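J.: Below are the chains, spelled out letter by letter.
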Amino acid sequence: MDYTHTFAISAAGMSVERARVDVAALNLANAQTVQSTDGKNFQPLQVIARSADQGSFNQLISQGMQGASEFTRDLPVASVEVSGASPRQVYEPGHPFANAQGFVSYPGVDPAREMVSLMTAMRSYEANVAAMNAARTMALKALDIGG
Amino acid sequence: MSIDSIASIANVSMMDPALGPAAAAQQGGFSQMVAKGLDEVNQKLLSTQTDLQKLAVGDVQNLHQVMINLEEARMSFQLLMQVRNRVLEAYQDVMKMSV
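Going down the list, the sequences are from chains A and B.
First residue of the first sequence: 11, per my numbering; consecutive thereafter.
First residue of the second sequence: 1338, per my numbering; consecutive thereafter.
No wet-lab data here; the hints were simulated from the structure.
Treat the hints with care, as some may be off.
What the hints assert, rightly or not - Anything over 12 Å on all C-beta distances counts as not near chain B; from chain A, calculated: (1) T14; (2) E27; (3) Q45; (4) H105; (5) Q111; (6) D120; (7) M125.
As the list claims (entries may be wrong) - Using 25 Å as the maximum straight-line C-alpha spacing, the simulated SDA-like pairs for lysine to any residue come out as follows: (8) K1391/B to A1410/B; (9) K1381/B to V1431/B; (10) K1391/B to V31/A; (11) K151/A to R1421/B.
Predicted model, so just to flag it, every value in this text is computed and none were measured.
The beta-carbon is built from N, C-alpha and C at its ideal position, and this holds for glycine as well.
Take these sequences, add in the hints, and give me the full structure.
T.: So this is what it looks like as structure tokens:
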């Protein structure tokens, strides 16, 4: 049925929002981890959601072969990238990983920002579910025709 | 009373080369179509069963895909039920037809 296209669109949106939640949870989980003195540390991540690249020839051919609708070309795709926030320096002279000046560096995670992105991702996920449910209800209503 | 006057009409429809084979092919085509549709619905139901088994084992990447597959299977089954209802209704209408 044609409604599977709608489902695929909503599923792509849900995947992006899930990636957002995953990354926010990872950032929050690593917020209090210490950066060791050898520079190995956690880099705060962020999700960049883009509309799918439709330029490549192979992609267009495969979509044409599958008979995808015109809307499924612009599905969102999430990519996880390092946000590049500078580490947070905390003065803890007694800490085993403190540097010569007594500072320990923690990842530059902003908890408030992560909470907001969690909330936004959750609401967007709900919106995607609502869109999918609308398509489903329409399909089931169409089956009621004449019955 | 003779029925010879309308017998020729029956002959025409029986002998019509365009109608006869086409109708036969369509009849085969319909049963094939029904069998194909049934098979598709069955495949969907079986794949949802596999998905549910994976969910129970904990081998699922994303939950929403499982739910969407479930919904698709449900909708195709509903479509099958509606088609079955229509066909059965038509059959019963024909059987109740007074001759």
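J.: Hint by hint, note whether the structure agrees.
T.: A quick look at each hint next to the structure:
Listed as a non-interface residue, T14/A fails to keep its Cβ farther than 12 Å from every Cβ of chain B; the least gap is roughly 6 Å. Not every CB of chain B lies more than 12 Å from the CB of E27/A, the least distance being 10 Å, so the non-interface label is violated. The beta carbon of Q45/A is kept farther than 12 Å from every beta carbon of chain B, the shortest such distance being approximately 31 Å. Every CB of chain B lies more than 12 Å from the CB of H105/A, the least distance being 39 Å, so the non-interface label holds.
With a least beta-carbon separation of about 46 Å from chain B, Q111/A lies farther than 12 Å from that chain, consistent with its non-interface assignment. The claim that D120/A lies off the interface holds: its Cβ sits roughly 27 Å from the closest Cβ of chain B, which is beyond the 12 Å cut-off. In this structure M125/A is separated from chain B by more than 12 Å, as the shortest Cβ-Cβ distance comes to about 23 Å. As the CA atoms of K1391/B and A1410/B are separated by approximately 16 Å, the hinted pair is consistent with the 25 Å bound.
Annotation: proposed proximity of K1381/B to V1431/B is violated, straight-line Cα distance about 33 Å (limit 25 Å). A threshold of 25 Å between alpha carbons decides the hint, and for K1391/B with V31/A the separation of about 23 Å falls inside it, so the pair holds. Proposed proximity of K151/A and R1421/B is supported: the alpha carbons are some 17 Å apart, at most 25 Å.
Hints 1, 2, 9 from the list above are not met by this structure, while the remaining hints are.
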